[in-house]
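Chains as they are written, first to last, in full-length UniProt numbering: chain P, 1 to 404; chain Z, 1 to 404; chain G, 1 to 404; chain Y, 1 to 404.
Rather than coming from a laboratory, the hints here were simulated on the basis of the structure.
Please read these numbers as outputs of a predicted model, since none were measured by experiment.
Among these hints, one or two may not hold up.
[Unchecked claim] Which chain G residues stay away from chain Y? Per the calculated CB distances, all over 12 Å, these:
1. Asp193
2. Pro318
3. Gly339
[As the list claims (entries may be wrong)] No farther apart than 27 Å at their CA atoms in a straight line, the calculated lysine-lysine pairs in the DSSO-like style are these:
4. G:Lys101 to Y:Lys244
5. Y:Lys139 to Y:Lys229
6. P:Lys101 to Z:Lys244
7. P:Lys244 to Z:Lys101
The beta-carbon is built from N, C-alpha and C at its ideal position, and this holds for glycine as well.
Protein chains: 4
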Amino acid sequence: MLNLNFHPSGQHFLQIPGPSPVPDRLLRALSYPTIDHRGPEFGALGRQVLGGIKAIFKTNSPVVIYGSSGTGAWEAALVNTLNAGDTVLMYETGHFATLWKEMAESLGLKPEFIGLSSYESWRHGVQAEMIAERLRADKAHDIKAVCVVHNETSTGVTSDIVAVRRAIDSVNHPALLFVDTISSLASADYRHDEWGVDVTVSGSQKGLMLPPGIGFNAISDRALAAHKKATLPRSYWDWTPILKANETGYWPYTPNTNLLYALSEALDMIAGEGLDNVFARHKRLGEACRVAVQAWGFEIQCLDPKVYSPVLTGVVMPEGVDADHVRKVIYQKFNLSLGAGLGKAKGKMFRIGHLGNCNELTLMAALSGCEMGLRIAGVPVNAKGARAAMDHLESSASQFGLSL
Amino acid sequence: MLNLNFHPSGQHFLQIPGPSPVPDRLLRALSYPTIDHRGPEFGALGRQVLGGIKAIFKTNSPVVIYGSSGTGAWEAALVNTLNAGDTVLMYETGHFATLWKEMAESLGLKPEFIGLSSYESWRHGVQAEMIAERLRADKAHDIKAVCVVHNETSTGVTSDIVAVRRAIDSVNHPALLFVDTISSLASADYRHDEWGVDVTVSGSQKGLMLPPGIGFNAISDRALAAHKKATLPRSYWDWTPILKANETGYWPYTPNTNLLYALSEALDMIAGEGLDNVFARHKRLGEACRVAVQAWGFEIQCLDPKVYSPVLTGVVMPEGVDADHVRKVIYQKFNLSLGAGLGKAKGKMFRIGHLGNCNELTLMAALSGCEMGLRIAGVPVNAKGARAAMDHLESSASQFGLSL
Amino acid sequence: MLNLNFHPSGQHFLQIPGPSPVPDRLLRALSYPTIDHRGPEFGALGRQVLGGIKAIFKTNSPVVIYGSSGTGAWEAALVNTLNAGDTVLMYETGHFATLWKEMAESLGLKPEFIGLSSYESWRHGVQAEMIAERLRADKAHDIKAVCVVHNETSTGVTSDIVAVRRAIDSVNHPALLFVDTISSLASADYRHDEWGVDVTVSGSQKGLMLPPGIGFNAISDRALAAHKKATLPRSYWDWTPILKANETGYWPYTPNTNLLYALSEALDMIAGEGLDNVFARHKRLGEACRVAVQAWGFEIQCLDPKVYSPVLTGVVMPEGVDADHVRKVIYQKFNLSLGAGLGKAKGKMFRIGHLGNCNELTLMAALSGCEMGLRIAGVPVNAKGARAAMDHLESSASQFGLSL
Amino acid sequence: MLNLNFHPSGQHFLQIPGPSPVPDRLLRALSYPTIDHRGPEFGALGRQVLGGIKAIFKTNSPVVIYGSSGTGAWEAALVNTLNAGDTVLMYETGHFATLWKEMAESLGLKPEFIGLSSYESWRHGVQAEMIAERLRADKAHDIKAVCVVHNETSTGVTSDIVAVRRAIDSVNHPALLFVDTISSLASADYRHDEWGVDVTVSGSQKGLMLPPGIGFNAISDRALAAHKKATLPRSYWDWTPILKANETGYWPYTPNTNLLYALSEALDMIAGEGLDNVFARHKRLGEACRVAVQAWGFEIQCLDPKVYSPVLTGVVMPEGVDADHVRKVIYQKFNLSLGAGLGKAKGKMFRIGHLGNCNELTLMAALSGCEMGLRIAGVPVNAKGARAAMDHLESSASQFGLSL
């Protein structure tokens with residue numbers, strides 16, 4: 001195998017907003033020998049993960065597990081429920097919302113892409129009233145689904161899903177609600193059933209702390225009903241044979257067995273910590289990160305404090321600074337990987353991930369690496385960010401940690 | 001994690017025709033920490049596996065690597081090259097050929113499914129002259145593609161791809177040739193370029209010895225040309241953005257990083273043994289297995305010795321014996337997993353895999369487990385199969401093994 | 001790292017009488033990151049393994065765990081309890097008994113080495129009456145300890161420890177009883193307390209299924225009393241500081257943390273199977289192995305059926321056959337490692353291990369490899385051994401395996 | 001297996017001065033299946049590690065590898081070269097020097113323990129002139145060996161071995177020179193041959209980055225000559241049979257195979273980075289750590305800047321502060337393990353390890369955890385230590401990192 005850490009020694013810090021660092025327990029589970037996907041052990045494994053994953057989505061409905069990236073799960077949501085030429089209302093929160101919209105086009109749907117004017121839309125969450133307004137105008141109910149991203153990974157902005165649901169209901173529109181939680185699941189509070197979501201799309205390599213390779217669809221009864229009538233061509237993504245095989249813990253085709261081992265272990269880890277504790281930990285680390293960014297004197301990509309992401313923070317560079325150059329210096333000097341600005345944000349900002357298996361000291365390592373790298377790169381920066389983050393972690397420490 | 005070997009102790013023998021046993025080297029590579037899929041190490045990894053995999057397909061054309069099962073790669077071949085309503089000529093060699101045909105229907109294509117009468121088709125390879133005949137009759141060139149399975153995993157029958165190509169060419173038909181090598185790649189001789197295949201479909205969990213989770217499409221220039229005009233909706237499977245990103249070693253969406261680690265290691269392993277040596281090893285183990293089956297007094301599922309599979313052997317049970325009961329006894333008593341009869345073969349036969357990381361003694365373990373389990377299950381059997389296999393392995397030993 | 005399997009592909013079969021094949025669960029546990037050996041997690045681990053190991057020795061007394069081979073644990077037994085020049089009665093059962101005797105000499109003790117005449121002693125167990133006789137003659141009680149090997153790894157002969165204890169008691173001799181269970185612990189029935197053993201010596205790489213690197217001393221009250229007065233120089237092996245540190249789960253110097261992880265997992269595995277079930281499994285596999293050897297037409301090294309080893313079988317080659325050449329052929333052709341004849345048995349026999357994580361099919365793989373290799377090497381052999389072993393496994397199958 | 005990280009999530013930071021964090025590559029190598037320690041693969045492994053380890057000690061003489069802790073290697077140095085009652089001159093640099101002296105007493109030697117008055121000796125390196133003076137007075141050459149610790153792990157003070165050698169030579173004293181490099185090998189510059197050391201003692205779990213379980217003796221010709229005449233009882237530690245077996249790559253008893261896998265990989269890693277680069281990295285991280293400690297307003301345990309340790313830093317707490325309470329708070333709140341004050345330093349100081357696989361950001365994580373924990377524990381501290389360390393790392397960054 002190739003050497004996969006060009007730095008000759010020392011730990012690599014993976015602080016991109018996913019894939020997040022895979023815990024040792026999961027890596028060990030991942031490498032257990034592959035078994036017969038038609039045998040009784042596999043059935044027990046299948047039933048365990050299919051049952052356990054529901055608690056993560058907070059749903060009693062089925063969750064379909066795909067061997068795919070999260071992108072595949074986007075496609076699955078669309079092709080299982082819609083018909084060629086259907087209009088879909090999609091909201092531009094950033095790069096990933098844009099990619100989902102482009103996918104809808106490729107699949108023969110007609111996405112309407114709304115949002116704030118231009119780049120403002122990449123710095124705020126979904127404006128639910130804009131959705132209400134558009135649906136109100138759609139007297140003919142041409143719009144078959146509303147698609148929003150819960151945590152826009154390209155910007156570090158979350159959106160208020162409850163408000164989106166309320167917007168749809170307020171105008172009595174029958175559109176389905178599809179939510180992308182690829183980078184928020186198991187990191188930010190999310191409730192598929194309570195919030196009335198029809199298809200929740202997610203992936204393995206973020207809050208679940210697995211390597212990439214698994215995509216998810218959590219499916220409401222309304223989505224299932226739409227599925228029965230939907231005619232977009234589909235086979236690999238088709239819910240029907242999967243749901244049938246899942247009844248006994250199996251899949252219609254060869255599933256990604258080794259990733260399911262890791263998923264089983266991840267469910268154990270999350271249950272051990274407690275999902276609410278997971279959310280509280282992410283919230284606090286996000287706060288500490290933003291305190292650092294502000295102390296450095298930089299803008300946070302998200303302009304609305306109500307929807308700051310607990311998963312990642314977008315750090316806006318001053319005019320004239322190439323954010324990708326800064327990232328490269330940090331990587332080369334400190335073996336720290338950060339997320340690039342994507343699409344409209346390219347070169348303008350970088351992204352610090354603080355999700356999954358992250359804790360206080362991995363965050364401090366990341367912030368220290370940023371602070372040093374910014375200075376080495378010659379960016380005007382107030383060298384007080386790491387210290388400010390520590391202030392926040394100290395002041396909030398009493399509710400965290402062990403009491404042995 | 002769940003206990004994944006219900007037997008309280010001792011090694012499990014996985015002798016199904018895939019997933020095949022994953023070698024320790026690959027399991028260790030698989031569990032290396034996940035890295036940034038946009039960073040420079042990943043690019044080096046990507047370029048290495050994208051380059052190295054070509055030698056396995058014996059092609060100079062691009063090979064697309066999907067995060068999916070082999071089933072996904074089937075779908076990719078179809079949706080990238082065809083249009084809604086296109087006629088596809090598919091040949092029934094067994095269960096997997098049948099599933100591929102059903103997939104074509106689901107995707108809005110019109111498969112014509114030809115073959116020998118009924119179950120005979122499950123015991124012989126593709127009859128190339130039937131393909132020639134059908135294409136000759138297709139004066140309008142309505143048939144856009146011919147789809148065959150190189151090694152039918154459900155039966156242990158291979159097909160002569162050179163003859164199929166010749167059949168197409170003999171009538172000057174422009175149909176594309178798609179070949180499923182999911183269970184033959186890196187186990188049986190296969191030559192994408194030399195044999196004139198347009199799309200070769202494959203997967204990771206057989207001859208490549210990886211866990212499931214990767215699908216492949218090797219793509220000829222003619223297939224790429226068809227792709228440019230093909231209009232079936234596609235996004236996840238779309239070759240274009242993948243081929244573009246692959247140019248520098250990356251993927252358009254998050255790839256299955258940890259499986260790519262294992263693929264890199266598998267390419268090293270295969271290069272170390274030598275691909276021709278891999279084929280010779282499979283051939284010999286297949287011969288030994290068939291000698292055992294015949295000594296037991298059973299029929300081999302494949303009735304044509306010219307196309308016996310080097311990957312697996314279908315063992316036909318005498319009338320009145322439930323092959324699945326036999327498999328269950330063998331599993332319960334000897335911790336050995338065998339393949340079930342599928343589809344039309346259900347209950348009539350079982351399948352012994354001898355592929356991937358298999359060697360003489362794993363085969364002997366499997367044959368011993370079968371021989372004992374058959375007797376415990378009360379099946380009339382001549383208890384000389386294991387010994388007969390040993391005879392074959394002894395007599396062929398001089399060309400195998402080490403000379404230290 | 002070096003390539004550690006010269007055979008380019010396929011599973012290696014490690015059928016030596018130790019190290020035995022390490023189960024995947026233990027290999028995964030072994031590779032968990034090393035922790036602080038003074039921290040609270042370590043204390044919990046230490047207390048768990050120190051408590052759990054007692055059940056394996058069937059003792060309520062302390063068991064000391066060393067970072068060492070079993071050889072080190074031999075030395076520990078001697079230097080903790082004896083004084084320079086002490087006479088020790090040792091019984092020659094084979095190569096390892098001989099090495100222990102040589103160690104006693106090196107340490108300044110005076111071993112008396114008794115046994116049957118010459119090579120006969122290597123084919124029978126301890127003759128307890130010889131021990132009784134010698135002790136009866138020792139009116140002055142010069143003999144301070146009696147040392148016997150429970151399962152002589154070089155021959156596949158066990159010894160009756162209850163009879164040895166009875167022999168000592170029958171003459172009211174105060175000598176301590178030291179028993180080497182390096183290759184029998186957790187494979188053959190053994191009872192430190194009930195059998196009145198003073199120091200039981202053992203190691204990790206046999207029945208416990210760990211890699212080598214841990215040695216054990218189970219210590220009776222009488223041994224502890226002797227320890228308090230014993231004056232042989234000692235430091236690393238000294239029980240006193242270890243027992244004191246062990247009270248809270250720690251060690252006086254840095255312990256072999258990662259092997260303790262694996263030990264913790266091994267204790268879980270053995271508890272899961274049940275120690276009596278472990279013994280029954282070994283007994284049956286030993287029977288099947290001997291049936292094969294006899295069917296081949298060879299002598300078993302052990303001439304007394306009452307003390308056949310459930311751990312390994314010594315296979316005596318016909319006059320004129322070099323057993324080491326046979327082993328080499330088997331290794332080169334079939335990737336199977338067997339034990340060599342050692343000391344007086346060198347070249348005369350080879351040893352088949354059937355211990356630890358062994359099951360029916362790993363044994364059949366080993367027997368098949370032997371049968372084929374013997375024939376390839378030109379040894380006159382009746383090619384019915386593997387089949388005979390299968391007969392035994394079939395006839396005894398009803399009490400083994402799963403009932404799902 | 002027990003849960004080995006009481007913190008429910010997030011990476012543990014192991015910043016004790018050994019065991020140091022084991023790199024992923026080594027953990028993977030460690031868990032490769034155990035092989036036959038008498039087979040040809042093992043011989044190749046043995047020859048590789050026995051050859052490769054010499055470069056680490058900078059010696060052409062043999063290096064013996066024990067299955068033991070470093071403590072065992074201390075004992076090996078003494079029992080292989082000395083006779084009962086021999087006088088040994090040992091220098092008190094701290095806790096580990098004291099333990100070695102106690103071991104010498106236990107083994108029946110007569111250590112003379114010299115040093116500065118009381119606690120001063122724990123804050124300075126070896127005063128070579130005191131050794132010269134004592135040896136000068138030893139006209140009868142009663143002193144057979146001089147024992148010093150190169151890097152005193154309990155204090156973070158190194159000693160000038162060249163000066164010690166010169167001191168011995170300056171008075172033409174024939175005493176052997178034994179040096180403990182347990183915590184300095186492969187972290188601080190060390191030259192067994194050039195510096196005229198007779199036995200260098202070391203261990204696996206520090207600069208070599210392995211788990212604990214291997215001890216080393218590098219042996220000069222003079223030490224070998226003394227060995228031939230030395231009469232202390234020995235068996236497990238005896239160089240003679242080990243050196244003989246090592247000639248072909250084997251051991252006289254079962255070696256710690258899996259740790260040797262990891263050693264093989266560690267030698268590859270160190271060769272890849274370059275030993276001088278390893279030293280430079282440790283030196284820089286040590287400097288950054290001390291800058292932080294001084295900025296906090298604390299004393300460094302080592303009072304002589306010429307012998308600051310590149311491996312660890314002893315941080316002296318203000319009067320009245322319980323250093324162990326501080327450590328506990330840091331562990332509980334930030335999942336960071338630090339070294340305790342030992343022996344005479346108990347409760348007075350704590351130790352930060354910065355050795356082995358450490359890099360800039362693991363150090364910054366550790367310093368951040370200390371800085372926060374000190375404040376939470378109410379210790380008067382200037383919260384500028386982490387920032388000061390960053391200043392140092394920034395200013396020295398140009399010579400480190402990648403130039404891609």
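*Among all the numbered hints in the text so far, which are the ones the structure does not match?*
Going through the list in order, the structure violates hint 3 alone and respects the others.
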